[in-house]
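Residues per chain, in single letters:
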Amino acid sequence: MSYTQAMRELIKRVEETRHQRLGYYFPRMTPEEKQEVLRSYHPDYIESQFRQVKVGVNEGDRFPHELCDVLEAHPRISPLAIPPTVNDQEVDVLIIGGGGAGASAALLAHEAGANVLLATKLRFGDANTVMAQGGIQAADKPQDSPPTHYIDVMGGGHYTNIPELVKALVSDAPAVIDWLESLGTMFDKDTDGSMHTNHGGGTSRKRMHSARDYTGAEIMRVLRDEVLCRNIPVVEFSPAVELLLDEQGRAAGAILYNMETQEYQMVRAKTVVLATGGLGRLHTQGFPTSNHYGATADGLVMAYRAGAKLAFMDTVQYHPTGASYPEQVEGFLITEKVRGLGATPLNIEGEQFVYHLETRDVEASAIIRECARGKGITAPSGMQGVWLDSPIIETIHGEGTIEKELPAMLRQFIRFGVDIRKDPILVYPTLHYQNGGVLINDQAESTVENLFVAGEVSGGVHGRNRLMGNSLLDILVFGRRAGRNAAARALETSRQPVDLTLSHVTAYVQELNEQELSGHLTSPILIPLKKNLNPRFQD
Amino acid sequence: MEEIRTTSEAAPPSAIEKESVNIFIMGKHYEVPASLTIMKAFEYAGYTLIRGCGCRAGFCGACSTVYRIGNRHELKVGLACQTKVEEAMYLTQIPFFPAHQVTYDLQELQPSGNQVVAIYPEITKCLGCNSCSNVCPQDLKVMKYVSHAIRGEISKAADESFDCLMCGLCASRCPANIVQYKVALLCRRLHGKHLSPQNSHVKDRVAEIQAQHYEADLQQLMEADRQSLAERYDNRDIE
Amino acid sequence: MLSYYPGCTVRAQQDDGFEREALALLASLDIQTHELEEWECCGAVYPEARDEYVGLLSSVRALQRTWDAGSQGMLTLCSACFHVMRRVNHRMKRDEEAQRRVGGYLGNMYQGETKVFHLLEVLRDLVGYPRIQEAVVTPLKGEKMACYYGCMLLRPKEELGLVDSENPRLMEALMETLGATTVRFPYQTDCCGAYHVYREAPLAAAASLKVITAAREAGATQIITACPLCKHNLEACQASLPQKERLPVAYMTAPLVKALGGVQRLEQMAFQNGEKGDPSHAFSGENSQ
Numbered sequence: 001m002s003y004t005q006a007m008r009e010l011i012k013r014v015e016e017t018r019h020q021r022l023g024y025y026f027p028r029m030t031p032e033e034k035q036e037v038l039r040s041y042h043p044d045y046i047e048s049q050f051r052q053v054k055v056g057v058n059e060g061d062r063f064p065h066e067l068c069d070v071l072e073a074h075p076r077i078s079p080l081a082i083p084p085t086v087n088d089q090e091v092d093v094l095i096i097g098g099g100g101a102g103a104s105a106a107l108l109a110h111e112a113g114a115n116v117l118l119a120t121k122l123r124f125g126d127a128n129t130v131m132a133q134g135g136i137q138a139a140d141k142p143q144d145s146p147p148t149h150y151i152d153v154m155g156g157g158h159y160t161n162i163p164e165l166v167k168a169l170v171s172d173a174p175a176v177i178d179w180l181e182s183l184g185t186m187f188d189k190d191t192d193g194s195m196h197t198n199h200g201g202g203t204s205r206k207r208m209h210s211a212r213d214y215t216g217a218e219i220m221r222v223l224r225d226e227v228l229c230r231n232i233p234v235v236e237f238s239p240a241v242e243l244l245l246d247e248q249g250r251a252a253g254a255i256l257y258n259m260e261t262q263e264y265q266m267v268r269a270k271t272v273v274l275a276t277g278g279l280g281r282l283h284t285q286g287f288p289t290s291n292h293y294g295a296t297a298d299g300l301v302m303a304y305r306a307g308a309k310l311a312f313m314d315t316v317q318y319h320p321t322g323a324s325y326p327e328q329v330e331g332f333l334i335t336e337k338v339r340g341l342g343a344t345p346l347n348i349e350g351e352q353f354v355y356h357l358e359t360r361d362v363e364a365s366a367i368i369r370e371c372a373r374g375k376g377i378t379a380p381s382g383m384q385g386v387w388l389d390s391p392i393i394e395t396i397h398g399e400g401t402i403e404k405e406l407p408a409m410l411r412q413f414i415r416f417g418v419d420i421r422k423d424p425i426l427v428y429p430t431l432h433y434q435n436g437g438v439l440i441n442d443q444a445e446s447t448v449e450n451l452f453v454a455g456e457v458s459g460g461v462h463g464r465n466r467l468m469g470n471s472l473l474d475i476l477v478f479g480r481r482a483g484r485n486a487a488a489r490a491l492e493t494s495r496q497p498v499d500l501t502l503s504h505v506t507a508y509v510q511e512l513n514e515q516e517l518s519g520h521l522t523s524p525i526l527i528p529l530k531k532n533l534n535p536r537f538q539d
Numbered sequence: 001m002e003e004i005r006t007t008s009e010a011a012p013p014s015a016i017e018k019e020s021v022n023i024f025i026m027g028k029h030y031e032v033p034a035s036l037t038i039m040k041a042f043e044y045a046g047y048t049l050i051r052g053c054g055c056r057a058g059f060c061g062a063c064s065t066v067y068r069i070g071n072r073h074e075l076k077v078g079l080a081c082q083t084k085v086e087e088a089m090y091l092t093q094i095p096f097f098p099a100h101q102v103t104y105d106l107q108e109l110q111p112s113g114n115q116v117v118a119i120y121p122e123i124t125k126c127l128g129c130n131s132c133s134n135v136c137p138q139d140l141k142v143m144k145y146v147s148h149a150i151r152g153e154i155s156k157a158a159d160e161s162f163d164c165l166m167c168g169l170c171a172s173r174c175p176a177n178i179v180q181y182k183v184a185l186l187c188r189r190l191h192g193k194h195l196s197p198q199n200s201h202v203k204d205r206v207a208e209i210q211a212q213h214y215e216a217d218l219q220q221l222m223e224a225d226r227q228s229l230a231e232r233y234d235n236r237d238i239e
Numbered sequence: 001m002l003s004y005y006p007g008c009t010v011r012a013q014q015d016d017g018f019e020r021e022a023l024a025l026l027a028s029l030d031i032q033t034h035e036l037e038e039w040e041c042c043g044a045v046y047p048e049a050r051d052e053y054v055g056l057l058s059s060v061r062a063l064q065r066t067w068d069a070g071s072q073g074m075l076t077l078c079s080a081c082f083h084v085m086r087r088v089n090h091r092m093k094r095d096e097e098a099q100r101r102v103g104g105y106l107g108n109m110y111q112g113e114t115k116v117f118h119l120l121e122v123l124r125d126l127v128g129y130p131r132i133q134e135a136v137v138t139p140l141k142g143e144k145m146a147c148y149y150g151c152m153l154l155r156p157k158e159e160l161g162l163v164d165s166e167n168p169r170l171m172e173a174l175m176e177t178l179g180a181t182t183v184r185f186p187y188q189t190d191c192c193g194a195y196h197v198y199r200e201a202p203l204a205a206a207a208s209l210k211v212i213t214a215a216r217e218a219g220a221t222q223i224i225t226a227c228p229l230c231k232h233n234l235e236a237c238q239a240s241l242p243q244k245e246r247l248p249v250a251y252m253t254a255p256l257v258k259a260l261g262g263v264q265r266l267e268q269m270a271f272q273n274g275e276k277g278d279p280s281h282a283f284s285g286e287n288s289q
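Protein chains in written order, with full-length UniProt numbering: chain A, 1 to 539; chain H, 1 to 239; chain B, 1 to 289.
Keep in mind the hints are simulated off the structure, nothing from the lab.
Hints should not be assumed to be uniformly reliable.
In silico DSBU-like pairs for lysine-lysine, Cα to Cα no more than 30 Å straight-line [stated by the list, open to error]:
hint, chain 1, residue 1, chain 2, residue 2
1, H, 203, A, 422
2, H, 141, H, 76
3, H, 125, B, 93
4, A, 530, H, 28
5, H, 125, A, 531
6, A, 404, H, 203
7, B, 115, H, 141
8, A, 189, H, 141
9, A, 206, H, 141
10, A, 422, H, 76
All figures in this text were calculated on a predicted structure; none of them were measured in a lab.
With the rest of the complex left out, here is chain A (with noise of 0.2 Å):
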């Protein structure tokens, strides 16, 4: 499907201006300015998409509503008998969650001599990490250090990250690549062996590191590979639902569930490792999402039942670019890299309105103000839009630069009948990445003993915002500290835990009583909502 003869018609005004376009230095905006457009435009800001939860440590504070629903639903088992389980066993270290955090985590938890299970909801390696397209930052340059990426991801996150989270990020980051490297991940160099690294949003160095445009599925690719070559046990398609704790209050182990026989399993285990992803098959807001299938905040639910604080849960990452044409990939994320190689924005006139390269809430803002300003694009859905001039990459750079380092955008544009050499890609915000999380330590301790958590789950190194590059090092530098720390404890601990309970999820249940939030709704809901997925399920 190609662009309509009208789509066609406002794509020349984008090629009359596109020379003019070239070497032209469009304006960063100031502090207040910023300030400005994240107040009137970023959905993080809409009150009536919030409410307050009522259940549970955070209770009073403001989620949107979607998390509330998850977060206010009943568990799907009843912890007052709880079902049959097969094949129960015994480990060292639980790993619940087959990304790139549960992965490394595993890894480095076998490296130090546990007896490792990774349980993961659907395929190993089945996670948002696959989907990172752009790149991993990490300091590793002469002219970029640790503290020049602290005050990059500090003034990213609008200064409300947590510094000791920030600290442990940007000093593990070198050993990150490293390890990588060490594994056999094949990042793009330049000819003299040094990382190739490039612009992302917001930072001040290049220091995105990147493999093609596939960076993230090579890291999981081999990260998974890795797994399987050292024989650590995985079980797919068994998801935890929810967490056992012993008799006082620490994690000791979870229930998983064969989504395929439905039966039930038990793990204890010395110490948990959470790293189950994020929320973005919630839809918040009714956004589209460039998340994964599994995104559905399942281990927010269930650390969030077992007592573990959440922080930063009111902010969530639009990330500015989702394609918006053609309608099989609305939503589909066109990665920053696209920007970091020079395409901007441009409105319906073909001009353009906002620097291409500020940090993803203000950028995606901007979108969604010139939008509403009557300056976008409306697509044949109905779906709104600017144009990301993608050609200009090829005016720029020299032809060919498209194909070589953007090879997965424009074979997933290519298949659509779009050709993003020649012709921009109409884009507006889709929901990308939740900010916050599980509250941890720089250990990636929760609030609940013997609970790590790890990756996008945890909440609190983005602040209220995270800069591209950032997750793929965050679920690496803590998945890798998850792991090794929870090998550790369980390795200090002689005996297994005897008396799991679900005490904390009865008691959860009356507060959900006490409060009358007796809906249909149970959680965690493991597969996203019908309606989300399905046009007959509408409401």
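With chain A's structure known, arrange chains H and B on it following the hints.
What follows is chains H and B alone, placed relative to chain A:
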């Protein structure tokens, strides 16, 4: 319980009103909007996918699908999330293929010509039928990278196979029982670890960090108040 | 221009110098070669079964690509590759059923249009011995060459048609052009034991040793071949011999290159002939590593 406020990402209501097509999922007839991908058509038909659905964006390789159109005999393949439905499409998914997994210790391997053959000896049984390339949803030249692997051209195999999603369709069609995508992964890991040009800047930086080189600066930054951080941030020099 | 089909063994064993020497030699003699963009194993043995077609596919694909490239023909170095390609081509010229079956699968209609050359043929027919003689800078005085053909270059004669399969003089003529003396010896066209080396090593060793012994008794100072497998077997069978009883085994390119001034000189000449502009490029198989 309050109602869920989410709306559809799948297809806006307008899509339903549009033209529809007849498809056959595992032989069973459904009528679905013509604008849908195979994956969304499954869901429209009422399936709740557990296997065979992943990133929904062409990166994870979970949704390999085999299909055929109407009276035509050719089998076609695609990723369900990346392929549009067509009139008279007969389809099924291949969400799992029991491919052979070889375990090895990458650190012990040598990136030499015979290494890949030693681990995957079956690659020398390639008949040259090219079925693997013909089914690759990424349009990779699978047979070509297997040929490189046979000849010990590890870096070429790594480069040629880079966009592989590991969906497994190649292996499912191979008459010689080669697991192409794992051969490719081995080549890429050998290249990444042993054959790609080396640098020192990463290891140098790791050493500096271990030597607490940045500790004082980071401590100072951690203790800095918002305003002084903001001043530094707003006055950053940009590379 | 010739499309170059390297073959797996030649490529995988490129450190032995066969490929580098051959390509340098041709380039210095103004024969342009261009490696096929994509090629697979020829199968190493010709598929004799008349009712099985899959074994023809990779060879036909390479032959078709050569035809599509518009080149003069396909260059092979390895005797086995030459053998398979030439025979497959021969069959594709004549066998309509094979044309139909293979063509139906590959989506083409290949009818044996491509000409398949062995390096020896290129030197004889496209370059010519007088030209080679002119290029000699160090005549091979005093060398007594035993030229070993083995099977793959010669038989079946009707299909390969390279030379008289019972009394070949092809390599001899070439070596004499270089100023060397050649020796006649029995078993020149016998089998070296071939793939039996993998399953019945003693059998292969006995066959090869017979060749070596005969050559030595005829007074040879070295034995040359055009086949990687022959070379392997001829060398392996001598492993247990005392050093002084061993007969050096070389590819037929080695004396050629030596007589013409060494591989580096030839590469330099090739560079001056404008071959690709980069002398290292054309001769390095795995330049990406």
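Hint check:
1. Between residue 203 of chain H and residue 422 of chain A the alpha-carbon distance is near 41 Å, which puts this suggested pair outside the 30 Å criterion.
2. Proposed proximity of residue 141 of chain H and residue 76 of chain H is supported: the alpha carbons are some 17 Å apart, at most 30 Å.
3. Distance hint between residue 125 of chain H and residue 93 of chain B is fulfilled; the C-alpha atoms sit about 27 Å from each other, no more than 30 Å.
4. Between residue 530 of chain A and residue 28 of chain H, the direct Cα distance comes to roughly 21 Å. Compliance with the 30 Å bound is thereby established for this hinted pair.
5. Of the pairs offered as hints, the one joining residue 125 of chain H and residue 531 of chain A is violated, with about 49 Å between alpha carbons and a cut-off of 30 Å exceeded.
6. Between residue 404 of chain A and residue 203 of chain H the alpha-carbon distance is near 28 Å, which keeps this suggested pair within the 30 Å criterion.
7. The suggested pairing of residue 115 of chain B with residue 141 of chain H holds, with an alpha-carbon distance near 26 Å, which does not exceed 30 Å.
8. For the hint linking residue 189 of chain A to residue 141 of chain H, the alpha-carbon distance of about 23 Å falls within 30 Å, and the restraint holds.
9. With a CA separation close to 33 Å, the supplied pair residue 206 of chain A and residue 141 of chain H exceeds the 30 Å bound.
10. Pair hint residue 422 of chain A plus residue 76 of chain H holds up; C-alpha atoms about 29 Å apart against a cutoff of 30 Å.
Going down the numbered hints, you'll see the structure goes against 1, 5, 9, while the others check out.
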